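Q: Next come the chains, spelled out residue by residue.
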Amino acid sequence: DVKVTQSSRYLVKRTGEKVFLECVQDMDHENMFWYRQDPGLGLRLIYFSYDVKMKEKGDIPEGYSVSREKKERFSLILESASTNQTSMYLCASSLPGNTEAFFGQGTRLTVV
Amino acid sequence: AQSVSQHNHHVILSEAASLELGCNYSYGGTVNLFWYVQYPGQHLQLLLKYFSGDPLVKGIKGFEAEFIKSKFSFNLRKPSVQWSDTAEYFCAVGDYNAGNMLTFGGGTRLMVKP
Numbered sequence: 001d002v003k004v005t006q007s008s009r010y011l012v013k014r015t016g017e018k019v020f021l022e023c024v025q026d027m028d029h030e031n032m033f034w035y036r037q038d039p040g041l042g043l044r045l046i047y048f049s050y051d052v053k054m055k056e057k058g059d060i061p062e063g064y065s066v067s068r069e070k071k072e073r074f075s076l077i078l079e080s081a082s083t084n085q086t087s088m089y090l091c092a093s094s095l096p097g098n099t100e101a102f103f104g105q106g107t108r109l110t111v112v
Numbered sequence: 113a114q115s116v117s118q119h120n121h122h123v124i125l126s127e128a129a130s131l132e133l134g135c136n137y138s139y140g141g142t143v144n145l146f147w148y149v150q151y152p153g154q155h156l157q158l159l160l161k162y163f164s165g166d167p168l169v170k171g172i173k174g175f176e177a178e179f180i181k182s183k184f185s186f187n188l189r190k191p192s193v194q195w196s197d198t199a200e201y202f203c204a205v206g207d208y209n210a211g212n213m214l215t216f217g218g219g220t221r222l223m224v225k226p
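Protein sequences, first through last, are from chains A and B. Numbering follows my numbering, in which position 40 of the first sequence is assigned residue number 40; successive positions increment by one, without gaps. To convert, count from 1 in the second sequence and add 112; that's my numbering.
Derived by calculation from the structure, the hints in this document are not laboratory data. Just so we're clear, the structure is a prediction, and the values are computed from it rather than from any experiment. Note that beta-carbon positions come from the ideal geometry of N, C-alpha and C, so glycine has one too. Among the clues, some could well be false.
As the list claims (entries may be wrong) - Cβ pair distances, simulated, as ranges: (1) 173/B - 96/A: 40 to 48 angstroms; (2) 84/A - 192/B: 36 to 44 angstroms; (3) 7/A - 141/B: 33 to 41 angstroms; (4) 164/B - 17/A: 41 to 49 angstroms; (5) 95/A - 152/B: 26 to 34 angstroms; (6) 170/B - 82/A: 40 to 48 angstroms; (7) 20/A - 130/B: 40 to 48 angstroms.
Unchecked claim - Keeping only pairs whose Cα atoms sit at most 20 angstroms apart, straight-line, the calculated SDA-like set for lysine to any residue is: (8) 3/A - 151/B; (9) 55/A - 113/B; (10) 161/B - 128/B; (11) 3/A - 157/B; (12) 70/A - 13/A.
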């Protein structure tokens with residue numbers, strides 16, 4: 001079974017802090033994704049990566065950056081956290097040429 | 113860009129009632145279609161998927177979905193719901209022309225009364 005692991009289930013950070021969300025997958029998937037989930041809005045794609053050191057912006061990249069130094073790890077970075085970034089963040093991975101994605105348990109981030 | 117609409121935001125049913133959740137996407141081409149479910153406190157899980165072939169797809173836990181290409185729809189159905197089906201349901205479209213990304217609908221929160 002594919003396992004996608006997010007480092008934290010819950011985080012509380014202060015406005016202006018730099019925040020790192022980590023995601024690791026164990027199935028050698030090329031594609032990795034970061035989504036945020038908000039009530040009534042479903043999941044919106046922030047960034048995705050199709051290979052090491054490669055990244056593409058999703059629908060809502062503003063205020064975020066990503067890092068993929070190793071194939072199994074994809075990090076989401078909030079450069080300066082703001083209260084409107086309070087949300088549930090979901091990491092996912094998939095095989096190349098395959099749109100089926102496998103999700104981690106999510107990180108609920110609260111920015112105060 | 114692809115967009116996905118789920119018509120019902122909240123649905124409340126009694127046990128044994130039939131369920132149908134609507135999902136429409138914005139344009140055709142080669143797409144894959146998915147329904148994901150998120151039970152309270154759990155991660156997103158795949159319920160069923162359509163890649164090609166028979167447009168009536170059967171998934172886990174008695175769920176099925178029908179792909180109607182002419183209507184750009186992929187509605188989810190279950191003949192008789194159970195209390196344990198209480199969850200949030202997400203329709204998603206995977207578009208090969210958009211880097212294999214998944215585009216999600218807004219979700220439908222289903223509550224089944226015992």
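Q: Would you mind marking each hint as holding or not holding in the structure?
A: Status of each hint after checking the structure:
Look at residue 173/B against residue 96/A: about 30 angstroms separates their beta carbons, and that is not inside 40 to 48 angstroms. Checked against the hint of 36 to 44 angstroms, the C-beta distance between residue 84/A and residue 192/B comes to roughly 42 angstroms, which is consistent with it. At about 37 angstroms, the CB distance of residue 7/A to residue 141/B agrees with the hint of 33 to 41 angstroms. Here the CB-CB span from residue 164/B to residue 17/A is close to 47 angstroms, well matched to the stated 41 to 49 angstroms.
With their beta carbons about 29 angstroms apart, residue 95/A and residue 152/B fall inside the hinted range of 26 to 34 angstroms. For residue 170/B and residue 82/A, the hinted distance range of 40 to 48 angstroms is satisfied, since their beta carbons lie about 44 angstroms from each other. With their beta carbons about 46 angstroms apart, residue 20/A and residue 130/B fall inside the hinted range of 40 to 48 angstroms. Between the alpha carbons of residue 3/A and residue 151/B the distance comes to roughly 18 angstroms, so the proposed pair stays at or under 20 angstroms and holds.
Pair hint residue 55/A plus residue 113/B holds up; C-alpha atoms about 18 angstroms apart against a cutoff of 20 angstroms. For a cut-off of 20 angstroms, the pair hint linking residue 161/B to residue 128/B is broken: about 24 angstroms separates their Cα positions. A distance of roughly 12 angstroms separates the Cα atoms of residue 3/A and residue 157/B; the hinted pair therefore holds under the 20 angstroms criterion. As the CA atoms of residue 70/A and residue 13/A are separated by approximately 26 angstroms, the hinted pair breaks the 20 angstroms bound.
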